[in-house]
Structure formats: C-alpha cells, structure tokens
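**Q** The chain contents come next:
2 protein chains.
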Amino acid sequence: MISLQDIGELELIKRVELLVQQAQDKKVVLPLGDDCAVIKVGNKFLLISSDMSVEDVHFLSDKFPPTAIGWKVMASAWSDIASMGGEPRWALVSMALPKRISVQKVERIYEGMMEATKFVNAVIVGGDTTTSYDDKIVIDVTVIGEAIHKKYITRSGAKPGDILAVTGTLGNSSAGLVALQKDLPETFLWRSQWYPVPRIQEGKWLCTKANVSAMIDISDGLLTDAEHIAEMSGVGINIHKQKIPISEELSIFCKEHNLSIDNFILGGGEEYQLLVTVPQEKWKKIQNKFNKKFSCGITEIGYVTKEWQGVRVDGVVPSIKGYEHFR
Amino acid sequence: MISLQDIGELELIKRVELLVQQAQDKKVVLPLGDDCAVIKVGNKFLLISSDMSVEDVHFLSDKFPPTAIGWKVMASAWSDIASMGGEPRWALVSMALPKRISVQKVERIYEGMMEATKFVNAVIVGGDTTTSYDDKIVIDVTVIGEAIHKKYITRSGAKPGDILAVTGTLGNSSAGLVALQKDLPETFLWRSQWYPVPRIQEGKWLCTKANVSAMIDISDGLLTDAEHIAEMSGVGINIHKQKIPISEELSIFCKEHNLSIDNFILGGGEEYQLLVTVPQEKWKKIQNKFNKKFSCGITEIGYVTKEWQGVRVDGVVPSIKGYEHFR
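Chains as they are written, first to last, in the numbering used here: chain A, 1330 to 1656; chain B, 1330 to 1656.
No lab work stands behind these hints, which were simulated from the structure alone.
Glycine is no exception: its CB is placed at the ideal position from the N, C-alpha and C atoms.
Heads up, some of the hints might be wrong.
Said to hold, decoys possible - Straight-line C-alpha distance at most 20 Å; calculated EDC-like pairs for lysine to aspartate or glutamate:
| id | chain 1 | residue 1 | chain 2 | residue 2 |
| --- | --- | --- | --- | --- |
| 1 | A | K1373 | B | D1354 |
| 2 | B | K1434 | A | D1385 |
| 3 | B | K1428 | A | D1643 |
| 4 | B | K1465 | A | E1629 |
| 5 | B | K1465 | A | D1385 |
| 6 | A | K1434 | B | E1346 |
What the hints assert, rightly or not - Take a look, some chain B residues computed to stay more than 12 Å from chain A by CB distance:
| id | residue |
| --- | --- |
| 7 | F1374 |
| 8 | S1378 |
| 9 | T1446 |
| 10 | G1456 |
| 11 | S1461 |
| 12 | I1477 |
| 13 | D1512 |
| 14 | Q1530 |
| 15 | E1560 |
| 16 | H1569 |
| 17 | Q1609 |
| 18 | K1611 |
| 19 | F1655 |
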C-alpha cells in the first residue's frame, strides 16, 4: 500500500488535479494549480481559494491567544487573494470544534477572524459548525475576491531575465514558532507567527500598477514557493542568499540562541510576504514607487534564468526544504 | 466555564451571527441563517454555502466505500444549493488527511466527489489538502450556485394557510445508518445513507415554476428543519404523522427489527429531501405537475398556522429531537 506519507502533498495535489481536470467549464478561467481559481461571473472575474488549518499543525492552541488563531487562519486565506492582486470580498468559515471547548474561546476565535476580515475590508457571509471527533479544532476558510478590471497575476508568467523580489522581511514567522515552542520572550517574533499581515494593498498595486510578471505569497517557505513559480513558468530561479531581507529582531534572536538563520529565511513558511518577478527594465522604477508607498518595502533577491529548471541558491541546488504536508 | 456542550449548535450559531452581522455589505443580499448566503456579482446573484464533514461523525469510515464518502460530502453540500432553487456551478474541497491513509483511498474519495459534482453538472475548481492531527478525515466543501433569473427561495416565506409538503420518502438514510452499525444487510437503506440525492432539478422547478413560499433541505431531521422554517417565517407548523411518505423498505425494516419508525421519519437527518410550503390554492396543481415530472414525488404532510409558534405533530409539541451538534 502506498500512503500519503510516501508520496507527500505535492504529488497528491498532482494526482488530484489529474482526476479533477477531466471536467471542463468555459466559465472557469484558471482552474487548479495557482493560489486561487478564477471564475467568470457575468462580466466579472472572481478569485476563489480555500485554506484549511488544523490545531497543533497550523497553530499551537496553548501558545496562541484565541483571537490570534482566528486572525491567522483568516489572514492566511486572504493572502491567497493578495497573491493574485485581487480585491477581498466575501468569506465562509467552517469549524470543527470539540464539545468541551469554552464558548468564550470560540467567540474570541471568531472575533480574530472578524478583525482580519475587516482589515481587508471584506465580510464573512456564511459557514458551518460541527463537532470535531477528537479534541482538535479544524478551521476551513473559503475566500472570494474580485479581479480589478479583470486583471490578476498568476505563478506562470516569469520570464528569463526578470528580477526576483520579495516584500517585507523573511523568517520572522517561523522563528516566532520556535520562540513560542521554547518559551523565549520574543514578542516581535511571536506576533509575526500570531498575526501575519496579508499584503492586500501591496498585491493590488503590484498587479494593477506595476504589471509584475508572476506573483505568489510565501506560505510554504521561500524555496518551495519560488519553486512553484519556476515550475509553473518553466524557468530557473537563482536566489542571492545575502540579499534576503532580514529583521534586526531575527538577526539578534539567531545570534543569541546560536540558531542558523538559513532554515528560517529559506525554508520557513507562513510568512505571507509576496514573491514577485519583474521585467528588469521596470524594476528600479517599481522598487522606488513601492518603497515610497508601502512601509514593508520590496527587495531584489535574485533573478529568473533559462540556464536551468527549478530553484538554486547562489547557483547551487539547496539542501533545505520548505514545508510539505504528510511528510 | 460554559462549553459548547452546554449551549448546543443552534445557540452557538445565534451567537456567531451576532458577532458577524456587525459588518455590512450592500452586495450581500442574504447574509446568514439560511441554507446559502446570497451575494450580488454584477447583475447575477450567487448562492454560496460550506459544509464540513468529520469522519465517524458524518460518515463511518469502516462502513462506507471510499467513493460513498466523497459522494455524500459533496451531495450534501450541493443539496444546500437545491434547497434555494439554484443552479450548481463551482465547488472547492478542503481535506485534512491522516499521513498513513492510502493514496488509493484518497483518490476514490475524490472520484466520489467528482461523480456527485458531475451529477449536478458543476465543476470542482480548487481546494486545499493538509495533515489531520489525529487519524480522522475532515472534509469541507464550499459550493457556489447561481440563482436562475435572480430568483431563490428562503426559509422565511411561509404563510399561515400554506400547505407543508416534502419530496420523496423520509427515514431511509437514518435507518440505513442503524442497519450499517448493526451489520443488517439492507442494501436499499445502506445506499440511502451512502448516496443521498441532492434534489437539484426538483429544487429549480419548485423555485422557478411553482413559486413555493419557503424551502429547506432536510439535513438535520424533519422536525428540526421544519422548525427552521417556522422560526424564520414567524409561524407555526402542524405535521400529520400519518401522512409522512415512507418507503416499503423502511416499513418492513422497522417491523422486522421491532424498531420505532418515528425516530427515523421525524428525527432522522441526512435525508436531503426538500421541505416546502405552498399557498393552498396552488397546491393541487403543483402536486400534479411535480408528480408527473419527477419520480421522487411530492406529498402533503401538514400545514402552516398562526395559532402557535414552532412545530407540532398532530397538534402536540413533539418529544423527539432532530440532530444537533455538540449535544
């Protein structure tokens, strides 16, 4: 018997896509394999995505304030709309809950989801509640956004010669998880793990004003998500490790606790920064405008090449892996 | 500490609705409390609903063929589109899966979901896969349908004097669950539990041709779902128990095994038959046309009244309860 553990999440997704893609519908503009599906409703394009979070897999219940559980599951779902440059609109929330959980905790979780939804100027319109079999919370969030002027950015448009760039700083969220697990009082890093920021305004701007060629949000780690762009675009990507933007807090944290920073910045997931590719001739202008407009900033960290397929770090195939379910 | 067990699912939903309804959006036509939310996209109305299923709560993994797991979770989600009279369009599927589950079983589950989706002429456009914490499968399905000519039927339109009617026969699915649990070889009843039929064509017809005043699908049992109509419409409902349509298979099963039929037909959930209220003067004509057109048939089982609030059976407040999570 072959189990999911043997094949991993990425192979499972490929097999499911084969099963599902048999069906066709002309109103499905972009069906599977990107951050969102794109469907045509009247003269509008809607972006749709689902994101399932499991207690003690995606969030540590005893290390998270309940509002942070709600914020994180909702913000990570909205991040998929950001990664295509869309405008957030509506969300549905399904929750499997233990019978013995306190009502107050459930209400705090919903409040966190509401805050993240208000933050992106959207609304929760429905959902489902059910009993969880074991004492673990499972939350699935479906988000729907709208493509502004029918325009959205996929993972598949990167071209050799493009600049690879990333918003904000990397590694804070995964370092925050380690700090929480080890009870190290690093509030900046904790907050990066608890309250990730979906880059909605940044994504919309990069889509409509900057015409970036490919975009993805970093949910599974820089290397894994860069690999998604490389694979879907049929190109190679080179990352200059020294150029990856790092917060002072992460730098001090790694030095103080003698931790390698590479795992956090290359492999650490749940960052929800945007990773984009930009035609070289446009890059300087886009960078200047972006950095004036958005406090998170955008940084060049590599380039797209036709010399090889897949992702390399300073020209070398990396040994660090991003997060993959079932492995 | 007050737990979910203390307040139950219905009270939880009321509390969540209070939290969530603070936010408003003019494009949300019908936000919470019905089978689907209704949102306005351009000049179209979309119906959206999510349905979460948990292994050994919603389906018994060792008593279900894997394709039946997929069919059931998907068909029950499409039934929410049927219950508002909508046209099925797109679905997203999120699954939490144990690491040790066989790839083949997962593929069979997806095949079942595909079959139920093809059955209603819709497509799966996206979703998520993740590791489940314990060894239980959790599946959340989000379905999107379209209101034909912007028309849909809610739970809130029942008027005193209306006829209460139901499609098909009741009790088969919940009796099938008992037969499976007790290993009684009742293939008709097993199949009712495994492969419920979402009444899409029937729902569309009742919405667009029959102008029924209220509609719901029976997912939590006749009494609970009639109660939803009564509450949302601000009316009373009387059910004539002797009029409830019963299959020969269920009748024989109950006699052979000395089981009370009342729990199955009044309290048994997961029927996915449609429960409607119809203005009295229209009833005979609608019944005749429906029974000519649809093999499942439609039967008068009671009436709507202003004499009391809530649901009674032959004039008496019933002691049987439908299914409620967390209790």
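**Q** Now tell me, hint by hint, if it's right for this structure.
**A** Hints, verified against the model:
Proposed proximity of K1373(A) and D1354(B) is supported: the alpha carbons are some 18 Å apart, at most 20 Å. Taking the CA atoms of K1434(B) and D1385(A), the gap is near 25 Å; set against the 20 Å cutoff, the hint is violated. For a cut-off of 20 Å, the pair hint linking K1428(B) to D1643(A) is broken: about 34 Å separates their Cα positions. About 43 Å separates the Cα atoms of K1465(B) and E1629(A), which puts this hinted pair outside 20 Å; it is violated.
Between K1465(B) and D1385(A) the alpha-carbon distance is near 14 Å, which keeps this suggested pair within the 20 Å criterion. Taking the CA atoms of K1434(A) and E1346(B), the gap is near 16 Å; set against the 20 Å cutoff, the hint holds. Here F1374(B) does not stay apart from chain A, with its beta-carbon only about 10 Å from theirs, under the 12 Å limit. Once the 12 Å rule is applied to beta carbons, S1378(B) is inconsistent with being away from chain A; the minimum gap is 6 Å.
Not every Cβ of chain A is farther than 12 Å from the Cβ of T1446(B); the closest lies at roughly 7 Å, contradicting the non-interface assignment. Non-interface call for G1456(B) relative to chain A: violated, since the shortest CB-CB distance, roughly 5 Å, does not exceed 12 Å. Consistency note on S1461(B): stated as away from chain A, yet its beta-carbon is not over 12 Å from all of that chain's, at 6 Å minimum. Consistency note on I1477(B): stated as away from chain A, and its beta-carbon is indeed over 12 Å from all of that chain's, at 14 Å minimum.
Once the 12 Å rule is applied to beta carbons, D1512(B) is consistent with being away from chain A; the minimum gap is 22 Å. Chain A leaves Q1530(B) outside its interface by the beta-carbon criterion, the shortest separation being 19 Å against a cut-off of 12 Å. For E1560(B), the condition that its CB be more than 12 Å from all CB atoms of chain A holds, with the nearest at approximately 18 Å. With a least beta-carbon separation of about 32 Å from chain A, H1569(B) lies farther than 12 Å from that chain, consistent with its non-interface assignment.
Non-interface call for Q1609(B) relative to chain A: holds, since the shortest CB-CB distance, roughly 33 Å, exceeds 12 Å. Distance check on K1611(B): its Cβ is at least 30 Å (rounded) from any Cβ of chain A, clearing the 12 Å threshold; non-interface status holds. Some Cβ of chain A comes within 12 Å of the Cβ of F1655(B); the nearest lies about 5 Å off, and the non-interface call is violated.
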